[in-house]
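*Asks:* First to last, the protein sequences are chains A and B. Read left to right, the first sequence gives residues 1 to 196 (my numbering). Read left to right, the second sequence gives residues 1 to 196 (my numbering).
Calculated directly from the structure, the hints in this document are not laboratory data. Heads up, some of the hints might be wrong.
Said to hold, decoys possible - The list that follows gives simulated cross-link-like pairs (lysine to any residue, SDA-like), each with its CA atoms no further than 20 angstroms apart:
no.	chain 1	residue 1	chain 2	residue 2
1	B	Lys69	A	Leu20
2	A	Lys69	B	Ile187
3	B	Lys12	A	Asn62
4	B	Lys76	B	Ile108
5	A	Lys21	B	Glu133
6	A	Lys46	B	Glu17
7	B	Lys47	B	Ile187
8	A	Lys46	B	Lys69
9	A	Lys191	A	Lys69
10	B	Lys13	A	Leu91
11	B	Lys149	B	Pro168
12	B	Lys90	B	Pro168
13	B	Lys52	A	Thr10
14	A	Lys13	B	Lys47
15	A	Lys76	B	Leu71
16	B	Lys23	A	Leu20
17	A	Lys112	A	Lys166
18	B	Lys12	A	Asp70
19	A	Lys47	B	Lys19
20	A	Lys19	B	Phe53
Unchecked claim - Computed beta-carbon distance windows for the label pairs:
no.	chain 1	residue 1	chain 2	residue 2	range
21	A	Lys146	B	Lys153	44 to 52 angstroms
22	A	Leu113	B	Lys120	52 to 60 angstroms
23	A	Asp74	B	Asp74	19 to 27 angstroms
24	B	Ser178	A	Asn167	47 to 55 angstroms
Unchecked claim - Some chain A residues judged to face chain B by a derived CB distance under 10 angstroms, without partners named:
no.	residue
25	Lys19
26	Leu20
27	Asp94
28	Ile158
29	Leu190
Note that the coordinates shown come from a computational prediction; the quantities given were computed from them, not determined experimentally. For every residue, glycine included, the Cβ atom is placed at its ideal position computed from N, Cα and C.
Protein chains: 2
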Amino acid sequence: MSNIVWHKTTIKKSDREYKLKQKSFVLWFTGLSASGKSTIANAVEKKLYDLKFNTYLLDGDNVRHGLNKDLGFDEKSRIENIRRVGETAKLFNDAGLIILTAFISPFISDRKLVRNLFEKGKFLEVYVDASLETCEKRDPKGFYKKARKGEIKNFTGISSPYEPPKNPEIYVSNNGLSIDKISQEIIEYLKKNKYI
Amino acid sequence: MSNIVWHKTTIKKSDREYKLKQKSFVLWFTGLSASGKSTIANAVEKKLYDLKFNTYLLDGDNVRHGLNKDLGFDEKSRIENIRRVGETAKLFNDAGLIILTAFISPFISDRKLVRNLFEKGKFLEVYVDASLETCEKRDPKGFYKKARKGEIKNFTGISSPYEPPKNPEIYVSNNGLSIDKISQEIIEYLKKNKYI
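With the hints as extra help, turn the sequences into a complete structure.
*Replies:* Right, dumping it as structure tokens:
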């Protein structure tokens, strides 16, 4: 028991970045379902790992079954989903890690809210552009088929709009190139702009 | 456009731990308001930093104004607060970091739910024991005074129960010792039990 004022010795973001020998930032992948966001993000993460960087990837696999498992797919829930992913990415960023996220995040306004959580230049929007036709042909989980039948409601591209970024930091087209080439393009951008 | 099956090359927790040269785990601090959880957690984090470990600390400061800013302090919100902190800690754990959390987390059932998110042995409950009298005398933010006047409802220790852990992995008493000594006790536990 005491009246001593406790001085918090707090480890700061800059301390963590110094120890990890890197500067943190976020790569925010956006695009239609089956556009390849998650696959490309994983490939980029692998390349960053091989280059000795410390990263983490948030996507439906690790977020929708855990942190956001209370959320559905109605509009309100989808907005909250993206808000929480943004806030979690911010915590990872504060921890000094390079963070990648792969969510459809169809609305410009939601992505803008997330962008505003970060310092200028730390939020990089990566637009994975693939035509609806391409995505619908891929349809690895059969979602498009179900959406066309009306079995899934508010499905982006079918019954709910996708608003492409007007000025994404990184644009990649995933209508033909190999995943390796596309992910390498992103690595080149990061090198050229001194993120890595 | 292709029918190629994309093989996800996924960086796993074990890969990250290998790179970070550490094994991840969570130090979950629980105790009354003003028991010193956050101060001790910060001091432990500083010591871990000096020992070259990579850590992150979740507490009210970085969670309540961001990820959980939509939550109030009613019972339902407090349960959800702890659930989200647990899930976020799990993500950080998956990222290979040693994660510390400092929240009152007054209910055994909530802490048990969080414990069950982690592999056996990876969740370490740290009970910061300080008497209600001690905490109320400290009252750095004037919360106890307000709670006694009824201006804050459901305040742990006054108008809402605190359920101490029955078998915490780590027990520390914060009724007199210096923060430095208390945090060193925790470091010794981690060394002795080969966490660090």
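*Asks:* Tell me, which hint numbers fail for this structure?
*Replies:* The structure breaks hints 1, 2, 5, 8, 9, 11, 18, 22, 28, 29; every other hint is satisfied.
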